[in-house]
Structure formats: structure tokens, C-alpha cells
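Just so you know, the protein sequences line up as chains A and B, in that order. Mapping of the first sequence onto the working numbering: position 106 corresponds to residue 1188, and the numbering continues sequentially without gaps. Mapping of the second sequence onto the working numbering: position 259 corresponds to residue 268, and the numbering continues sequentially without gaps.
Watch out, some of these pointers could steer you wrong.
To be verified - Derived lysine-lysine pairs resembling DSSO-like cross-links, with alpha carbons at most 27 angstroms apart: (1) K1099/A / K58/B; (2) K194/B / K1196/A; (3) K1151/A / K58/B; (4) K1258/A / K102/B; (5) K301/B / K102/B; (6) K194/B / K1099/A; (7) K73/B / K1151/A; (8) K1227/A / K127/B; (9) K1150/A / K108/B.
These aren't lab readings, by the way, just hints derived from the structure by calculation.
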Amino acid sequence: MVILNSPISKKDVVKLKTGDTVHLNGIIVTARDVAHKYLIENRPKEYKRLLKNGVLYHCGPVVDRVGKKWIIAAAGPTTSIRQEPYTAEVIKEYGVSGIIGKGGMGDRTLNALKKYKAVYFHAIGGLAQVLAECVVDVKDVFMLKEFGSPEAMWILDVRDFPVTVTMDSHGNSLHKTMYERSGAILNSLITKGGL
Amino acid sequence: MSLFNMNSKNLLNTFVELIRRTSSDLPVDVVSAIEKGLLTEKRDSIAHKTLQMILKNIDIAREKSLPMCQDTGTPVFYVNYPAKVSQIDIKKKINQAIKESVYKLYLRPNIVDTLTGKNLGDRTGPGYPVINFEEWKKDYIKVILMLKGGGCENVGTQYALPDSRVNAVRDLEGVRRCILDAVHKAQGRGCSPGILGVCIGGDRVSSYEESKRQLLRSLDDRNKNPVLGKLEQSIMRDANKLGIGPMGFGGRTTLLGVKIGSLCRIPPSYFVSVTYMCWAYRRRGFEYENEKVKRWLY
């Protein structure tokens, strides 16, 4: 198991390989497709410092307001492929080092991970309570009014946030490997017949 | 004959309690299927660790009465009611209960207007929630709620046979090929280990609808039709040989269950519809009579 602090230096990014389990500490920023579209179409400068070597989290949390504090009540990963049209550009433009999501991403993102040295972390889908317990503080929130709570960009401070590297900065994707491997098994099962 | 007082708070409170249970506490049949899956995985493998984390998550959600998954999904209600009860009244109660559940954090305020992208806040709007009504001869109300996550809904699919992409003609072997193809295409994206609801036949809409309805069956039940029962077992066995495993990380637990039904069709059409349910298979229900819950279901 690897323990990493976010922001993640590019030196640490290249050490990671698919299959590595990682515990993340530090700042992660939630962003779903609406936020990605905004980052690309508006290119807000103030996000550059926040996202430089930073980690984006594909997540639309359930959030509670207690007094003046925000409390994350549920925060598992959402499907990453929705962000595919924007992610390569976001990595390039903002210098992001890591993306946390579920289900993996496509070739454009895989190429960008390689070219700009970044990595895709897979969190366990549906793990909303375990992952919410890893959030020690909500630092801030952006675009809450404009996007609504699930689509807003929540700046979260996390401890021991468990993820697995499934796409690394060397062009490897566990998702591609699994698709091909299980495809070969499927073909043999079809040829054999089953009923 | 029982009476239903639609102005009573009891039914509203029962609906809120139904939503709380559904969102935060998985049914016993689902938990035991995940536990069974854990036993088949190698210790210290990523599949084993993933299922352990999932079981931990299930415990925390139950203890805290908070959503198991932040995607509290599309609420799909199945309501059976006696003739004397009004659908309009029930619908009102459900909408009220949903608003209250958002406030209590059982549901995420996640409904948006498709054209403007604007979040509707309280989680009701055209098309939401989904309610399937059916009048019946019994004199009590039965309600089942399924919270259907978006990630798994996206990997559901439909085949029109013959389908040359999967080399499927109009027989059970063709149906088998379609279903296994759907499992392969889904990989871990539907949050595997998943549960399949399948319908053979019907038209495009009724076929999809029936495939979802199949998910109301308990995981440990037996198909009343022996031919479909055999097909279910065959798919379970083969799908778990694909090696996709929890979240698509690799492993033996790709599916927790397969439920297949069939509808009549017109000769030109032969649909195979697959609804994929994630491991967070949230379904609960109740029977209601004389102003109170007769029985909780699942």
C-alpha cells in the first residue's frame, strides 16, 4: 500500500502502476460533468492554483449544513466516463495529477495521463459512507448556487482515502486489460454453448 | 373491510420510513449474497478487500441511517391498491414523503430539468418519481420501492433478435449470448457484483419494464418456469467465470443473481432486455391496512 499526499508531485505520479492500492491524504476537489464543462468553456484562472498537481474527484456528495459548517453525509464516486469529453483538456490546462472516479475512462484520457503525467484512481462505487468518513474537513465550495449541491465543486480535506490505480501514466489501463481478458473467456463460453 | 384515511399522517410517515430503510439498509438476501461472494474470493485479493469494504459500508449506512450510496437513484415505486383507494391520494403522499426525505438526508436533491440543467431541489418533477400502480382484489395496500442508481441504469441494454453483433438467433442460446454479452460490456461500470433483471419478449417499453420488475424477486427464490430457471443458473455460472469481479478489478464475484421473465410478443419482434442493478440493490416494501403497517417486506 502506498500513502500519498495531495497535491501529488509528477515525480510521485510516475512511480504509480496499475494495481497499486493507495491511501490519499490532503485536498481533493469534487467535479462532475457540469463542473468540467465550466472549467473548459470558461477557463477560470482562480482554479489554476487549486488544481495544479491536484486531485479531482468525480463525486456528487450528499451534504448537510450544521450551523456554519458543511458536513459530508455521503460521498462515493460517480461514473467517470461522463467526464471523458473534457478530462484530457482539464489535465492539460490545469496540470491535474490525479483523478478519482469509478468505471475507468477512455483512450483520450489515457493518452493525456501519459502525456501530462497524471493517474486515474478507482474508488469503490457505492462506498458512500466509508468514503464520507475519510473526509475530515470541508474547506470551501465553489459554484454552489449556480450548479446545485451535487454538481458544485467541494474542496475536501481527506485522510486515508482508499483507492486503486487502474490507469497509470505509462499508458496502462486495468480496464482495457480486463475487457480483453474477459472477452476471450466470453468467446470460449459462447463457442462451448451453455444450455 | 378496512378503511383508509388519506388525511392521516400514518401513511405519510410510513412512506418516509420506507425511503429511510431503502436508502440506508440493504435487504437480508442481498447482504447474504455479498457475504457468500466474499467466501469465494481469495484472501487478500483485491476482490476480497473490495467486498469487505462494501460490507463495512453497508454496516455504517445502517447504523447512521444515511444513504448507502450518495446516488440515491431514481425512486421506482410499485403500488398495489384496492379499488376504494385513490391513485391521486397515494401519489400526493409519495411526493410529500420524498420532499421530507431530502430534508432528512435519506435522498440526494439530484433531479435536474433536462433542458435547462437546473436542479429542481426537492427531487420531484415530470417523470420523477416513477410510480407503477396496479389495482388488486385484496383490501390492503402493498408498496415496494426500488432506488435505482444511475451508473447501473446506464449499462442496461436491449437486443432485438436476430442480432448479428453477438451471433444470436431467436432461441434460448441466442438469449444466453445476449445476456452474457451485456455482462461483458458492463464490466465493473454498473458497480459489480451486479444483479440482472431480464425480460424476453414484449415490446421495447414493456420488455424493459418487466426486466426491472424481475428485480423485485428475492435473490434466493426459484423461477416458477423451469426453462427460465435453468437459463438463470447457466448465466450465473458462466458470468462468474468471466473474471470481471467486484468493480471490474478482477475476481470470481461478477454477478450476485439473475432473474429472467418472459412476456408474449408479436412475431416480428423478439426483444431481450437487460436491467443491471448494482450491489447496492436497494429495495424495500410494506403492506398497509387499518392505518398501520401490516408487514415490512424483504
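Please list, smallest to largest, the hint numbers that this structure does not respect.
3 and 4
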